[in-house]
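Dock chains B, C and D against the given chain A, drawing on the hints supplied.
Residue numbers (the numbering used here), protein chains in the order written: chain A, 51 to 192; chain B, 51 to 192; chain C, 51 to 192; chain D, 51 to 192.
Do not take every clue at face value.
When chains are identical, the list treats them as one kind, so a pair holds in a single copy or across two.
[As the list claims (entries may be wrong)] Calculated pairs, DMTMM-like style, for lysine to aspartate or glutamate (alpha carbon to alpha carbon, straight line, at most 25 Å): (1) K180 / E99; (2) K158 / E179; (3) K180 / E149; (4) K169 / E53; (5) K171 / E99; (6) K180 / D124; (7) K117 / E179; (8) K54 / E168; (9) K55 / E88; (10) K117 / E83; (11) K171 / E102; (12) K152 / E102; (13) K152 / E168; (14) K158 / E83; (15) K54 / E149; (16) K182 / E156; (17) K169 / E156; (18) K152 / E88; (19) K158 / E113; (20) K55 / E113; (21) K117 / E156; (22) K180 / E88; (23) K55 / E167; (24) K152 / E113; (25) K54 / E88; (26) K55 / E99.
It should be emphasised that the hints constitute simulated quantities derived from the structure, not laboratory data. Bear in mind that the values here come from a model prediction, so they are computed numbers and not experimental data.
Protein chains: 4
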Amino acid sequence: MSEKKFQYQLRVTYAHCTVGNHVYYSRYLDILEAARGEFFRHIGCTFLELQEGGTYFPVIGLELSYKGMARYDDVLTVELWLTAVNGARLNFGSRILNESGKSLVEGKTFHVCVSAEEKPKRLPPELIEKLKPFLHASTHAT
Amino acid sequence: MSEKKFQYQLRVTYAHCTVGNHVYYSRYLDILEAARGEFFRHIGCTFLELQEGGTYFPVIGLELSYKGMARYDDVLTVELWLTAVNGARLNFGSRILNESGKSLVEGKTFHVCVSAEEKPKRLPPELIEKLKPFLHASTHAT
Amino acid sequence: MSEKKFQYQLRVTYAHCTVGNHVYYSRYLDILEAARGEFFRHIGCTFLELQEGGTYFPVIGLELSYKGMARYDDVLTVELWLTAVNGARLNFGSRILNESGKSLVEGKTFHVCVSAEEKPKRLPPELIEKLKPFLHASTHAT
Amino acid sequence: MSEKKFQYQLRVTYAHCTVGNHVYYSRYLDILEAARGEFFRHIGCTFLELQEGGTYFPVIGLELSYKGMARYDDVLTVELWLTAVNGARLNFGSRILNESGKSLVEGKTFHVCVSAEEKPKRLPPELIEKLKPFLHASTHAT
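With the rest of the complex left out, here is chain A (with noise of 0.2 Å):
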């Protein structure tokens, strides 16, 4: 199993800012989500593709951990694997990095694939064979 990360990077701007010069607890999840929109593209398949096939993943539960803060102008990496793809499950994990390589949130968001009706369904199997490479043993359980 090869255990890929996939990486995006960007940049705090005021709009993710808050009082005190730090990104808002929230924001980080528009983060995540932009993150996981460029993983489906840089894989070969978009969300906009997926949804027009009539698959969406809407975020059934989430776990993060505030470890540090981020800032006005930092530049940002988000890291992002997979800790389950099983029927209709699809877990990811995800780490955001500051430019020294701090940690400074990590966590997991729960997805499930559903029709275009919100009825889950099993992963296709052609997208299984280009999330694997993404998918990490030891968090294999969670």
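Relative to the frame of chain A, chains B, C and D by itself:
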């Protein structure tokens, strides 16, 4: 003409603020839209009801002046009135004040009445009747 | 132990929503923070007053489950209570319901009490007294 | 006069969108600010550096026209130039285009140069030199 103003109040949260402990300039647009939503509810036809009847009011333009800073936990009062109600046009005047009555933001938002197919159409006559008490003559021309 | 719950209500605006006409997953964190702010006001010490006294409660973690979708113009009720109040720790339980009583989001946010220099410190005793009525035993251990 | 334009690109995420699958009207202000931040970096003095030197550019006004809708996953190009650089004033012209070159948003943002104490002050001469290539004569008067 009665020249009424509609008032809406809200408290500033961390999600509204940015670096420097003041409300971020784009969040005032969120606040104005929340106030417009409550204004339509107040006159007796909500956006939802209008939309279900095939009537939408997208923003086609706006002009804002920022005159002071709102701070975390401030209670803001939004004042809304109408500066034009004719044909397919609907223009709002607005002012956002803090608790000491200082005007922080003043501006106008310009809307057009459209159908579900995004074609401009005349404002429904029964809606015009409800809007008229809030039309201000002095700013009629804008 | 009284095991009270604090309730906060708000109406969903366009700024909360995303593609598909439902509230975007990160906006619930904005909503939970607004509710916590009103909770502290309710028990008699606002965040502002606490901060002026050098006491802050940054979020250090959270767990959320998304169980249903909130829609534009829904009136949401946020229920808040405490699952831990000891030492420097302050953990909130929360639930967001729509008007028909359906639970849409359930979760916990984990906070630590820090000084202006961001050093952990014990919760002030007078604050603990005010918080205690909202501490729920059944979830005490979490 | 060279009349250059600065260009900045970004991809629309779910966090930018609202009901009806288009970018929410306030998010364009977030996008314009991100573009201005990159513009200052491009000419060789970032907002952070300016601030550390006691120079700030708060927005004191804006005018926007909305001419079309940006959709999820669109790549937007922001064009920025200057319409006034004199005394304490700094005014930006801007345009946001989609991938087919359609202009979606056009407008101006008006800024004033202030000190850390929020007192207006003249733009630093070395900054004026860096800004001048982007000053457009035709819109000079605005």
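For each hint, the structure was consulted:
1. K180 / E99: Classified as within: same-chain Cα gap 14 Å, cross-chain 43 Å, threshold 25 Å.
2. K158 / E179: within (21 Å within a copy, 35 Å between copies)
3. K180 / E149: For K180 and E149, neither the intra-copy (29 Å) nor the inter-copy (28 Å) Cα distance is at most 25 Å.
4. K169 / E53: neither (30 Å within a copy, 37 Å between copies)
5. K171 / E99: within (17 Å within a copy, 34 Å between copies)
6. K180 / D124: Cα proximity of K180 and D124: across copies only (23 Å, versus 31 Å in one copy).
7. K117 / E179: Answer is neither: 33 Å inside a copy and 29 Å across each miss the 25 Å cutoff.
8. K54 / E168: Neither way: K54 and E168 sit 30 Å apart in one copy and 36 Å across, limit 25 Å.
9. K55 / E88: within (13 Å within a copy, 28 Å between copies)
10. K117 / E83: Answer is both; intra-copy 19 Å and inter-copy 19 Å each pass.
11. K171 / E102: Within one copy only: 16 Å inside a chain, 31 Å across chains, cut-off 25 Å.
12. K152 / E102: Answer is between: at 24 Å across copies they meet the 25 Å cutoff, but 38 Å inside does not.
13. K152 / E168: For K152 and E168, the Cα distance is within 25 Å only across copies (17 Å; inside one copy 38 Å).
14. K158 / E83: Both: 12 Å inside a chain and 21 Å across chains, each within 25 Å.
15. K54 / E149: within (21 Å within a copy, 31 Å between copies)
16. K182 / E156: Answer is within; shortest intra-copy Cα gap is 21 Å, inter-copy 31 Å.
17. K169 / E156: Intra 30 Å, inter 21 Å, cutoff 25 Å: inter-copy only.
18. K152 / E88: both (22 Å within a copy, 24 Å between copies)
19. K158 / E113: both (5 Å within a copy, 10 Å between copies)
20. K55 / E113: both (19 Å within a copy, 23 Å between copies)
21. K117 / E156: Classified as both; 8 Å inside a copy, 23 Å across copies.
22. K180 / E88: Cα proximity of K180 and E88: one copy only (14 Å, versus 34 Å across).
23. K55 / E167: neither (32 Å within a copy, 35 Å between copies)
24. K152 / E113: Both ways: K152 and E113 sit 19 Å apart in one copy and 22 Å across, limit 25 Å.
25. K54 / E88: Close inside one copy (15 Å), not across copies (31 Å); limit 25 Å.
26. K55 / E99: For K55 and E99, the Cα distance is within 25 Å only inside one copy (22 Å; across copies 34 Å).
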